[in-house]
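Student: Here the protein sequences come in this chain order: B and Z. If you use this note's numbering, the first sequence corresponds to residues 965 to 1372, in order. If you use this note's numbering, the second sequence corresponds to residues 965 to 1372, in order.
Be a bit skeptical, because a hint or two may be false.
[Unchecked claim] In silico lysine-lysine, BS3-like type, Cα no more than 27 Å apart, as pairs:
| no. | chain 1 | residue 1 | chain 2 | residue 2 |
| --- | --- | --- | --- | --- |
| 1 | B | Lys-1340 | B | Lys-1370 |
| 2 | B | Lys-1316 | Z | Lys-1150 |
| 3 | Z | Lys-1116 | B | Lys-1316 |
| 4 | B | Lys-1296 | Z | Lys-1198 |
| 5 | Z | Lys-1013 | B | Lys-1013 |
| 6 | B | Lys-966 | B | Lys-1198 |
| 7 | Z | Lys-1296 | B | Lys-1283 |
| 8 | B | Lys-1150 | B | Lys-1190 |
| 9 | Z | Lys-1234 | Z | Lys-1296 |
| 10 | B | Lys-1116 | Z | Lys-1116 |
| 11 | Z | Lys-1296 | B | Lys-1013 |
| 12 | Z | Lys-1109 | B | Lys-1283 |
| 13 | B | Lys-1190 | B | Lys-1116 |
[Said to hold, decoys possible] One side only, chain Z facing chain B, incomplete, derived with CB under 8 Å:
| no. | residue |
| --- | --- |
| 14 | Leu-1007 |
| 15 | Pro-1031 |
| 16 | Ile-1035 |
| 17 | His-1038 |
| 18 | Lys-1288 |
| 19 | His-1306 |
| 20 | Ser-1307 |
| 21 | Tyr-1310 |
| 22 | Glu-1319 |
FYI, nobody ran anything at the bench for these hints, they're computed from the structure. The C-beta atom is built at its ideal place from N, Cα and C for all residues, glycine as well.
There are 2 protein chains.
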Amino acid sequence: MKFKIIKSSSKNLSRIGQIETTHGIINTPAFIVGGTKATVKALTIDQIKNLNAQAILANTYHLMLQPGAKIIQHADGLANFMGYNGPTFTDSGGFQIFSLGLAYKQNLKDMTNSRNSTQKLQYSKGLINITDEGVEFKSHLDGSKYFMSPEKSMEIQHQIGADIHMAFDQLTTPLADQSIIEEACKRTHQWALRSLTKHQKLNQQHQKNQQPEQALYGIIQGGRIKDLRIKSAKIINQLDFDGFGIGGIFEPTEINQVLNWIIPRLTIDKPRHLLGMGAQPLDLFLGIENGIDTFDCVAPTRQARNGALYTSNGRINIKNQQFKTNYLPIDKNCYCYTCINHSQSYLHHLFKANELLAYTLASIHNEYFIVNLVDKIRLSILNESYQEFKKNFLINYYQESDFINKFI
Amino acid sequence: MKFKIIKSSSKNLSRIGQIETTHGIINTPAFIVGGTKATVKALTIDQIKNLNAQAILANTYHLMLQPGAKIIQHADGLANFMGYNGPTFTDSGGFQIFSLGLAYKQNLKDMTNSRNSTQKLQYSKGLINITDEGVEFKSHLDGSKYFMSPEKSMEIQHQIGADIHMAFDQLTTPLADQSIIEEACKRTHQWALRSLTKHQKLNQQHQKNQQPEQALYGIIQGGRIKDLRIKSAKIINQLDFDGFGIGGIFEPTEINQVLNWIIPRLTIDKPRHLLGMGAQPLDLFLGIENGIDTFDCVAPTRQARNGALYTSNGRINIKNQQFKTNYLPIDKNCYCYTCINHSQSYLHHLFKANELLAYTLASIHNEYFIVNLVDKIRLSILNESYQEFKKNFLINYYQESDFINKFI
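Based on the sequences and whatever the hints tell you, model everything.
Tutor: Here is the structure:
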């Protein structure tokens, strides 16, 4: 993997770059679409390409349970298994192990009812067995036991064979006691080194077999604690990773503060990925101006399946009665397949009738909206109009000016 | 609507033709894909076009209940509402009224459990109120009461605005007593005339408003009773319809016999549509060689959603364990989007993981398989190789030679 910076902003920490992988180039900043179980939910590969998505991130946890990493390895890796010829990422499995892989009955129900990731993570306490060696956890599908360690995560990720992998880390809820976050952070750093060592061995094997080498990002944790975040950034920065993943940020209001602690401690010549963020436009603006190169998030498709659609004037729920007789597209400024071909009235009908096409058309729109927004931000950095673009966009989108005034 | 015959076979009743509608030409014989609620389930308009489907048939019953015919009228008609610029059909609403619109609680459950349309129809007895004037029925969605008559069906179909409409008929199960079938048949003929009269009035209004006129097919019923079928064919043939719809055939084993009674009584210069048939290849061969021009059936997508996929060697269920590690396409002879891009292993995984993409990819394959089969049959009639093509195809597909020997 190669990374080059094409332009750095003089006004903030944002930069325009290119990540070159075996499967193609990612122009950064970029929003990486979520392909949890080796599929971007409800979308074909052609639809993903047509909405200009540059890369897909799949989840190691989900894929190791179903269909199993070996099935994907025998298909010559994730991209080939999906029928996709673009760049791919996998996460380490850590996030889902700590948030999903716990007790698969009652707790799954509680989790489903809890409203955000922060809450969800609290359920993990005491339900998985964490030692320095690794983590024992239960599959959320059938309750069967698994063991995961940094070495195991590397093995599985190499079997899955995405272009860019993530080191195995320990996640906590930011609401945990400081001592717990501190311990998790320390373990994350030990596991980072073990991940890297194992990864390098596996890459040597690839080299011998004349197969492409894979890239590995180190993960920076530390919750909302300044000292821990700075320490984590410094330690991970010293190791021979190909890039950085920043984990444990859950709310847009944390982004400025936490990235302010981390980014200045990182070498500028490696790409930085903000894990799991990008549910709303504000995440993307704040991430990029603080030096983030890539994002991933499943919220655009998840919200789409609930009928919650992005527009330039904020989010709407297309299931609301008012859209039944509106024959305009979802967003008059949007050029996605759905907005070019279909009306709000038709989308409303498809959702009310529980038609599968509703999920596809809504997902195309939401993914396009977010991918396209990052593309527009990239362009505004290139032509020095970022501040103006940001202000116009956010004022139109959020409307509640009190909240958004803090950020523009 | 115009219909012209390009070639008639010298060996059987099959013919190659063209139906010209306001929204484009249909080369016949053709399989019309089912777009029940103004959407071919799980498929975008682009996917429908790419699998070479030439036209879509939507259901008046479903659309009058949801979103309501006026919503579609205000969108300038069905094609526009769907974002589709090809030819469209609607049925009269009759079939669903007699099979679905009855009692929406217990009976819906019974119907769901019953295995085929023939059985389903038996549940209608006594649960709807049929008079010479029309039918009182209950919505299967919420139990609310509706009244449908030939005039009402024409009004609704003109609001929906497809290119080709169907006359309102009374359906019975072929297992009903002869007297019941006879009565239904008589009413169907009275309703045919009333449908036609109302349709012509509505077309005159279109003419005045310089809007395109719509076409109407008369429906031939009569169950499995020779005299009734012949009488029905003769009566409908004398009326000024644009084409014929043949209803009440449920099994491929009935096709030869029933069409043999009907087709010789019909003028050759109008198109003939076999309603609701095309679930399996045999339906299509037998229909075409007996003079059918178009088919419609929702079975290809319904079966697809259950994982039942057509191949040149018969139907498979992709959810079976054996496909987990098979990296070949579903059918080595198929050139659909799914077979070009994806393996059995990937499809198996998507079904096992309940991923929405499973339904889309499987539906693309099944619709393509059936549409493409009819295209191949058309070609074989053109180049005088029909018998050979038929024999090879059916032997490969059905394998159980005892059953298929009767038909080749």
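Student: Against each hint, give a clear statement of whether it holds in the structure.
Tutor: Evaluated hints:
1. B:Lys-1340 <-> B:Lys-1370: holds (22 Å)
2. B:Lys-1316 <-> Z:Lys-1150: violated (38 Å)
3. Z:Lys-1116 <-> B:Lys-1316: Within the cut-off at roughly 25 Å; holds.
4. B:Lys-1296 <-> Z:Lys-1198: violated (54 Å)
5. Z:Lys-1013 <-> B:Lys-1013: holds (18 Å)
6. B:Lys-966 <-> B:Lys-1198: holds (22 Å)
7. Z:Lys-1296 <-> B:Lys-1283: violated (42 Å)
8. B:Lys-1150 <-> B:Lys-1190: holds (15 Å)
9. Z:Lys-1234 <-> Z:Lys-1296: With a Cα-Cα distance of about 38 Å, the restraint between Lys-1234 (chain Z) and Lys-1296 (chain Z) is violated, given a limit of 27 Å.
10. B:Lys-1116 <-> Z:Lys-1116: Status violated; Cα separation ~67 Å.
11. Z:Lys-1296 <-> B:Lys-1013: holds (25 Å)
12. Z:Lys-1109 <-> B:Lys-1283: Cα-Cα ~25 Å, so holds.
13. B:Lys-1190 <-> B:Lys-1116: Judged against 27 Å, a Cα distance of about 31 Å means the pair is violated.
14. Leu-1007: holds (7 Å)
15. Pro-1031: OK, holds: Pro-1031 (chain Z) within 8 Å of chain B, min 4 Å.
16. Ile-1035: With Cβ-Cβ at 6 Å, under 8 Å, it holds.
17. His-1038: holds (7 Å)
18. Lys-1288: With a closest approach of 7 Å, the Lys-1288 (chain Z) hint holds.
19. His-1306: holds (5 Å)
20. Ser-1307: The hint holds - Ser-1307 (chain Z) has a Cβ within 8 Å of chain B, the shortest such distance being about 7 Å.
21. Tyr-1310: At 6 Å from the nearest chain B Cβ, Tyr-1310 (chain Z) passes the 8 Å test, so the hint holds.
22. Glu-1319: holds (5 Å)
Comparing the model with each numbered hint stated earlier shows that hints 2, 4, 7, 9, 10 and 13 do not hold.
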